[in-house]
Every structure is written in structure tokens, then in C-alpha cells.
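Residue numbers (our numbering), protein chains in the order written: chain A, 1 to 350; chain B, 1 to 350.
Derived by calculation from the structure, the hints in this document are not laboratory data.
Where is the CB? At the ideal position from N, CA and C, for every residue including glycine.
Careful, some of the hints might be misleading.
To be verified - Now the stretches of chain B that chain A is said to cover, found in silico as 3 or more residues with beta-carbon under 8 Å: (1) 85-97; (2) 285-292.
Said to hold, decoys possible - Computed list of lysine-lysine pairs in DSS-like fashion (alpha-carbon distance at most 25 Å, straight line): (3) A/K65 <-> A/K201; (4) B/K65 <-> B/K194; (5) B/K64 <-> B/K194; (6) B/K81 <-> B/K194; (7) B/K81 <-> A/K291; (8) A/K81 <-> B/K291.
To be verified - Restraint-style ranges between C-beta atoms, simulated for each label pair: (9) B/A222 <-> A/V79: 33 to 43 Å; (10) A/N262 <-> B/G32: 18 to 28 Å; (11) B/Q113 <-> A/D109: 11 to 21 Å; (12) B/Q14 <-> A/T258: 52 to 62 Å.
Protein chains: 2
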Amino acid sequence: MPGYPIAASDRLVQPAQLQQRVRGLFERRGMGPDDAGLLADTLVSADVRGIHSHGVLRVPDYLKKLTSQGVNPRGRPRVVKDSGAVVVVDADNAMGQVACQFTMRRVMDRADQTGIAAAAVRGSNHCGALFYFAEMAAREDKIGIVATNALPTMAPWGGRAKILGINPLAVAMPAGEEPPVILDAAFSASSHGKIRVFHQKAAPIPEGWAFDAAGRPTTDAAQALDGLLQPIGEYKGVGLAIVSGILSSMLSGAAFGTELGNMVDGPEPGADGQFVMALRVAAFVEVEEFKRRVDGLVRQIRTSPAAPGFERCYAPGELEYLTERKYRAEGIPLNAETLRGLDLAERELV
Amino acid sequence: MPGYPIAASDRLVQPAQLQQRVRGLFERRGMGPDDAGLLADTLVSADVRGIHSHGVLRVPDYLKKLTSQGVNPRGRPRVVKDSGAVVVVDADNAMGQVACQFTMRRVMDRADQTGIAAAAVRGSNHCGALFYFAEMAAREDKIGIVATNALPTMAPWGGRAKILGINPLAVAMPAGEEPPVILDAAFSASSHGKIRVFHQKAAPIPEGWAFDAAGRPTTDAAQALDGLLQPIGEYKGVGLAIVSGILSSMLSGAAFGTELGNMVDGPEPGADGQFVMALRVAAFVEVEEFKRRVDGLVRQIRTSPAAPGFERCYAPGELEYLTERKYRAEGIPLNAETLRGLDLAERELV
Chain A
1 MPGYPIAASD
11 RLVQPAQLQQ
21 RVRGLFERRG
31 MGPDDAGLLA
41 DTLVSADVRG
51 IHSHGVLRVP
61 DYLKKLTSQG
71 VNPRGRPRVV
81 KDSGAVVVVD
91 ADNAMGQVAC
101 QFTMRRVMDR
111 ADQTGIAAAA
121 VRGSNHCGAL
131 FYFAEMAARE
141 DKIGIVATNA
151 LPTMAPWGGR
161 AKILGINPLA
171 VAMPAGEEPP
181 VILDAAFSAS
191 SHGKIRVFHQ
201 KAAPIPEGWA
211 FDAAGRPTTD
221 AAQALDGLLQ
231 PIGEYKGVGL
241 AIVSGILSSM
251 LSGAAFGTEL
261 GNMVDGPEPG
271 ADGQFVMALR
281 VAAFVEVEEF
291 KRRVDGLVRQ
301 IRTSPAAPGF
311 ERCYAPGELE
321 YLTERKYRAE
331 GIPLNAETLR
341 GLDLAERELV
Chain B
1 MPGYPIAASD
11 RLVQPAQLQQ
21 RVRGLFERRG
31 MGPDDAGLLA
41 DTLVSADVRG
51 IHSHGVLRVP
61 DYLKKLTSQG
71 VNPRGRPRVV
81 KDSGAVVVVD
91 ADNAMGQVAC
101 QFTMRRVMDR
111 ADQTGIAAAA
121 VRGSNHCGAL
131 FYFAEMAARE
141 DKIGIVATNA
151 LPTMAPWGGR
161 AKILGINPLA
171 VAMPAGEEPP
181 VILDAAFSAS
191 SHGKIRVFHQ
201 KAAPIPEGWA
211 FDAAGRPTTD
221 AAQALDGLLQ
231 PIGEYKGVGL
241 AIVSGILSSM
251 LSGAAFGTEL
261 GNMVDGPEPG
271 ADGQFVMALR
281 VAAFVEVEEF
291 KRRVDGLVRQ
301 IRTSPAAPGF
311 ERCYAPGELE
321 YLTERKYRAE
331 GIPLNAETLR
341 GLDLAERELV
């Protein structure tokens with residue numbers, strides 16, 4: 001669950017303004033207006049939910065990717081295989097967001113006929129926060145499931161070779177009066193981004209977050225950045241990451257783990273893959289009954305007593321939903337570094 | 001990964017003999033020969049892979065369930081809804097193993113036509129180790145995914161009310177020359193069974209396994225048994241358990257969490273639910289290409305260097321596969337308590 005501190009140097013930015021500004025940057029980099037608008041919307045949607053690690057902080061990096069040697073700003077995903085309730089998509093080296101939106105739309109349409117449908121995507125790139133695409137399904141009374149490949153930052157359990165990604169998974173489930181249940185999580189205990197923040201502050205990282213380069217647990221942020229992310233639940237998290245990664249890459253011919261690249265040189269453009277699935281609730285049970293029960297669970301969690309040191313419990317995605325309500329009303333607090341990144345990008349693109 | 005110590009009092013038992021003996025017990029309890037054989041096979045298959053927590057240790061408990069007030073030994077699962085690539089199954093209060101085998105068979109057949117197919121099961125009961133049903137799919141060049149509901153033993157993250165199950169998930173993926181990739185894991189760091197073993201030995205449990213009844217982390221096994229299981233990865237494991245549980249119960253009308261019962265009184269007979277899915281690899285990519293890549297990953301993991309304190313790395317399911325090879329050749333080491341349970345059950349059933 002996100003919980004970034006709000007610093008005195010943070011500035012409040014209106015989501016609509018931010019979206020427009022970022023969209024303009026991507027358009028100037030050669031993207032069509034719709035794709036630029038989508039990419040901007042996915043980033044701002046992450047910021048608005050408090051998930052700043054996947055917000056407009058990424059703009060400078062994305063602009064760097066969108067060059068003639070890199071990601072194709074005009075890439076057009078297309079279905080290359082279609083059988084029954086399954087499609088395979090070639091993303092044409094577009095940004096992963098463009099590929100994921102295209103693919104989730106097709107998978108949802110197919111699930112309208114078949115109840116469940118799935119797609120594997122190849123020729124793709126970084127796709128940002130996954131919840132955005134899973135939530136598309138929840139808005140149509142479907143369960144959305146999206147997984148992606150990631151650059152290798154973990155070792156197999158008991159190992160020290162950086163050969164596995166943290167390959168995140170997002171699931172969104174429609175509720176009735178309550179916010180949808182939305183899980184969006186990588187299978188590591190933490191992330192490089194969070195460890196970098198501790199490193200900048202010269203603070204030790206919590207136990208359980210990282211191993212050093214030799215595979216030993218460490219709380220030293222510098223050694224952690226040089227080393228490995230720890231999985232959640234030891235071999236369980238590793239296994240989940242492997243499964244998520246195989247679905248996201250080997251069902252379409254996308255790159256897996258070390259085939260994708262490394263954290264120093266970044267990913268091979270167009271080598272990434274995703275897995276996208278939608279289940280139409282009405283194919284299983286009455287939609288109203290399902291939503292009533294999800295509502296009941298969300299309320300049961302919300303009203304359940306807190307443990308010492310906690311204020312209350314949240315259903316998956318509830319804290320982000322509350323953050324979104326607040327930030328949409330009051331503006332998104334963005335830190336100085338993120339704003340400087342946007343300013344610099346703007347100047348470079350003139 | 002399992003790693004039960006082999007005690008001097010353990011006795012080696014031949015898998016075929018054990019299967020026959022356990023099958024006989026279930027037949028005498030009123031099950032038909034096929035269902036009794038399946039139930040015995042699932043339990044022995046767990047023991048043979050070293051997963052004794054889900055092996056024949058469960059026989060006395062299962063026999064107790066199979067009474068006139070409990071699980072129906074003659075329950076016949078049937079499809080109650082069928083649309084496109086989705087079916088809903090009513091298990092008719094049969095053992096969950098009978099329901100899961102029935103359902104996976106149907107889902108695999110459907111996936112032969114549609115590429116992917118899924119089912120939600122209601123009216124079910126405890127289904128044992130999930131890998132058994134996921135592996136059915138892998139043997140037919142499909143990816144098998146199975147999830148189940150479980151009795152509530154966890155709290156929401158930051159809470160102390162026992163309202164969530166550890167709702168395990170199994171995924172099996174076909175390989176070529178290597179053993180299939182098989183993940184079978186609950187979303188708790190440990191299990192009640194393991195904590196009970198520490199309690200019997202009056203030993204402290206590892207950190208990260210449990211909370212006491214007030215929701216505070218504890219290493220005291222007695223307090224842990226009175227308290228809560230800890231999820232893997234804090235809120236991530238809780239979220240995964242919630243998602244797995246919703247798929248397993250709310251898509252079919254089965255009970256979720258506290259609706260299912262509690263650990264003291266056990267589950268409501270016929271209230272349990274499962275989620276079963278199969279993806280035909282050939283609907284996505286060439287099967288041989290997929291298997292070649294899975295083989296490559298298994299070998300990359302196996303040959304990757306070990307961290308201090310570890311001997312080597314294993315792909316998911318590889319250690320269990322090696323255990324199976326050993327136990328099939330040499331016999332399964334069963335402890336005195338498990339054997340006594342079988343002896344007692346035999347005497348009671350005469």
C-alpha cells in the first residue's frame with residue numbers, strides 16, 4: 001500500500017492539467033494524440049491513487065525510450081493469432097500501455113461471447129501500473145487480470161544470480177456500492193525505487209527487502225541496490241513471479257528474465273510481454289449477487305478491528321480509492337524532483 | 001518447499017500398498033471404488049512428493065467428515081451452468097477431490113475447443129493438495145490453475161479479526177524433458193500444521209509466521225495457535241488470498257471466509273468452493289517452443305549459483321519431483337502418528 005510522505009517542497013497539481021501537459025510531451029515525441037492521451041492518463045491515474053512510483057515521475061524515462069532506436073511512438077498492436085477465447089497480440093514495439101489497452105478491449109469483447117478470454121502479448125514494452133487495465137474490466141462487470149514481465153532483479157530462492165523479474169500481477173473485481181477490489185502487486189517485498197529513496201536519505205532499509213550481491217540478507221541500501229530484491233514469502237514469491245513471468249512471455253514469444261535485458265542497460269525495445277484476461281461475472285453467477293457479496297467483504301474488512309500500531313484495515317485498492325477521491329478534489333502532491341523532470345523534458349523537446 | 005525431518009520412528013511404506021489400504025478405508029466408509037481410489041491417490045501423491053501435511057495423515061479426519069451429517073460419500077458433481085468457455089459445477093457435497101477432478105476434466109475438454117476455459121465449483125468440501133488437479137492439465141500440454149477457499153485463519157492487513165482464509169493457489173505448466181513447473185502455495189507464511197509441530201516440541205516458531213490473538217507478531221507457538229497466521233508479503237499476501245478466495249467462492253455461490261465455518265468447529269459440509277482453469281498452450285504458441293523455453297528456465301535456475309547457507313536452487317516443483325522419484329523407488333517414510341491414525345481408522349471401521 002502506498003504511503004509516500006508529503007514534503008514541504010511538494011506542490012499540488014490538478015490531475016486534468018497534469019494529464020494535458022504530459023500528453024503534449026508525448027505528442028511532441030511523435031505519438032498520436034490518442035496514444036499520447038492514454039499514456040498520460042495511465043501515469044496521472046497512478047499519481048492520483050498515490051502510486052507515484054508509476055506516475056509522471058516516469059515521463060523523462062519514457063521520452064528517452066521513444067526514440068528511433070527505441071520504442072515506436074506510432075506502433076500499432078494487432079491480433080496475430082485468434083482461436084476461440086484466446087488471442088495473441090503483437091504490440092508492434094508500441095508502449096506497453098498502448099498494447100495493454102488494445103488487448104484488454106479485445107479480451108473483454110471476446111469474454112462477452114465466451115465468458116472468459118485471455119491474450120498473450122509480445123513485441124511490447126514497459127506498460128506502467130497494471131491496475132489501470134484490470135480496472136477496465138471491473139467497470140464492465142468483469143474480473144480483469146493482467147500480468148507483465150519485468151527486468152531481472154531477483155534470484156531463485158536460495159540463489160544469488162539475478163535472473164528473475166518481480167513480474168507483477170493485477171486483479172480487479174467489480175463491487176456494487178463499494179470501490180472495486182483491486183490488487184496490483186509485484187512479487188518482491190519492495191522495489192528498487194523505494195530502496196533508492198532510503199539510499200538518498202542514507203537510512204537503513206527494513207529487514208526482508210533485499211539481499212546483497214552474494215545473496216545474504218542486508219539492510220544496507222547501497223548493498224541492496226548492488227544486490228537482489230527479496231521475494232515475498234521466500235520460495236512462494238519466487239514461484240509466483242516465475243508463473244506470472246511465464247504467462248507474460250512464453251505464451252507469446254516475448255522475452256523472459258535475462259532475455260529481456262538488465263537493470264543497467266534497460267530492456268530490449270519491443271521484447272517485453274504481457275498476459276491479459278477477463279472473466280465475465282454473469283457467465284458464472286448473477287452480477288448483482290456477486291457485487292453484493294464483494295461489498296459485504298469490503299465492509300467486513302473495513303469494520304474489522306485494527307491490530308496495535310494500525311488505525312484501520314483496508315480492502316485491496318480501498319486506500320488508493322480514498323487517495324484518488326482526495327487528490328481529485330485537492331490536487332496531486334508532486335515532489336520537486338518529479339516537477340523538475342517535467343520542466344527539463346519540456347525544455348529539451350522545444 | 002517441504003523439508004520434513006526423517007525420524008528414527010518413521011517407517012517406509014510402498015506407495016501402491018498405501019494407496020490400496022487407504023482406498024479400502026474410504027470404500028468401507030461408503031464411497032464408490034473410483035472415488036475412493038481417487039481420494040486415496042491424491043493423498044498418497046502428496047506423501048510421495050514429501051507434502052505430508054496433505055497426505056494420508058488426513059485419512060482419520062476425512063473419514064470423520066464422511067458421515068450422514070457430513071460430506072456425501074456418494075456425491076456426484078454436475079454442471080449446473082454452461083456458457084461458452086465457462087462452466088459452473090455443483091459438487092453435490094462430494095469430497096473436493098472428486099469435484100476438482102470432475103471439473104478439471106471438463107475444463108480441459110472445453111479448452112480443447114476454446115483455448116482457455118474456467119469453472120467455479122460450489123457445494124464442495126476440502127479438496128486436499130491442489131497441485132494434483134493442476135498437474136492433470138500439464139500432462140495434456142495445458143497450463144492448469146486451481147484455487148480453493150479455506151477456513152478463516154488470517155486477519156486483513158493491520159487487523160486482528162480472523163476473517164480470511166489462506167486460500168491456496170496451484171499452477172502447473174508443462175515442460176519438455178524437465179519436470180513440469182508446479183507451484184502450490186497458500187498465501188500465509190506458514191500453516192497451522194507446521195506451527196503445531198513446533199508446539200509439540202515446545203520450540204519457538206520463526207519470526208514472520210504468526211500473530212497473537214491481539215494481532216501482534218509472536219514467536220510463541222501456543223500464542224500463534226490461539227492467534228493468526230501471517231500472510232506472505234504483508235498486504236500483498238492478504239490481497240492475493242482475497243482474490244483467490246473470491247474466485248473460489250463468489251463466482252459459484254460457495255461460502256467465503258467466515259461463512260465457511262471456523263477452525264474449531266470445522267467447515268460447513270458442502271459449503272466450500274474452488275476455481276479451476278485450463279489454458280491450452282497450442283492456442284497461444286507452438287507447444288514444442290513453449291516446452292523448450294520452460295526447460296531452459298528450469299535448467300537456468302538449477303545451474304544458478306547458490307547463496308550462502310544453501311546447496312542449490314530448485315525450480316517450482318522440482319524438489320517435490322525429486323522426492324517423488326526417491327520415494328517411489330524406496331518407499332515413503334511415514335511417521336508413527338500417521339501410521340497409528342491409519343491403524344485406528346481400520347479398527348473403527350471393522
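Structure versus earlier hints, numbers of those that do not hold, lowest first: 3, 6, 9, 10 and 12
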